[in-house]
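A.B. asks: Sequence:
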Amino acid sequence: MTLLNKSGELWVANGHNQHRCIPKGMRMGYAELVNPTCVNTLSEPLSHEDVTEERASFIDYTLMLAPTLNEEQQTKLLDLLKKFPDAFEKSHKDSRRRINVKHKIETEDHSPISQRPYRI
1 MTLLNKSGEL WVANGHNQHR CIPKGMRMGY AELVNPTCVN TLSEPLSHED VTEERASFID
61 YTLMLAPTLN EEQQTKLLDL LKKFPDAFEK SHKDSRRRIN VKHKIETEDH SPISQRPYRI
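Residues 1 to 120 in the UniProt record's numbering are what the sequence shown spells out, letter by letter.
Fair warning: there could be bad hints in the mix.
What the hints assert, rightly or not - Here are the simulated EDC-like cross-link-like pairs (lysine to aspartate or glutamate), alpha carbons at most 20 Å apart as the crow flies:
| no. | residue 1 | residue 2 |
| --- | --- | --- |
| 1 | Lys82 | Glu71 |
| 2 | Lys83 | Glu71 |
| 3 | Lys83 | Glu72 |
| 4 | Lys76 | Asp60 |
| 5 | Lys82 | Glu72 |
If you're looking for bench data, these hints aren't it; they were derived computationally from the structure.
Sequences and hints are given; from them, build the entire structure.
C.D. replies: Next comes the structure, spelled out in structure tokens:
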């Protein structure tokens with residue numbers, strides 16, 4: 001990836017068999033300039049499991065547990081949180097720019113409901 005004028009081009013591969021929508025302008029990460037003498041080349045790319053485990057080790061999941069849960073529920077919740085660490089931001093800086101994801105609601109044979117938006 002080369003950076004020009006604080007933007008760059010990044011190619012993404014979808015490893016799933018489901019369609020994924022990445023809206024234009026969606027922030028997927030950040031890049032920093034590094035000293036070339038500090039860069040080491042890996043002979044094999046890291047697997048998704050390695051990256052997930054590395055990311056999971058930085059997050060303190062005990063802060064997300066409700067005291068009302070019993071021990072079994074807390075264990076199950078911890079396992080679930082560690083399985084999907086990318087669902088959480090590492091810092092408040094990650095939440096600066098949000099893009100609404102486009103979606104489609106399947107209504108089968110029914111016509112969509114048409115009414116004006118209103119406040120709840």
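A.B. asks: The structure should be examined with respect to each hint, and the outcome stated for every one.
C.D. replies: Hints, verified against the model:
no.	hint	result
1	Lys82 <-> Glu71	16 Å, holds
2	Lys83 <-> Glu71	18 Å, holds
3	Lys83 <-> Glu72	17 Å, holds
4	Lys76 <-> Asp60	15 Å, holds
5	Lys82 <-> Glu72	16 Å, holds
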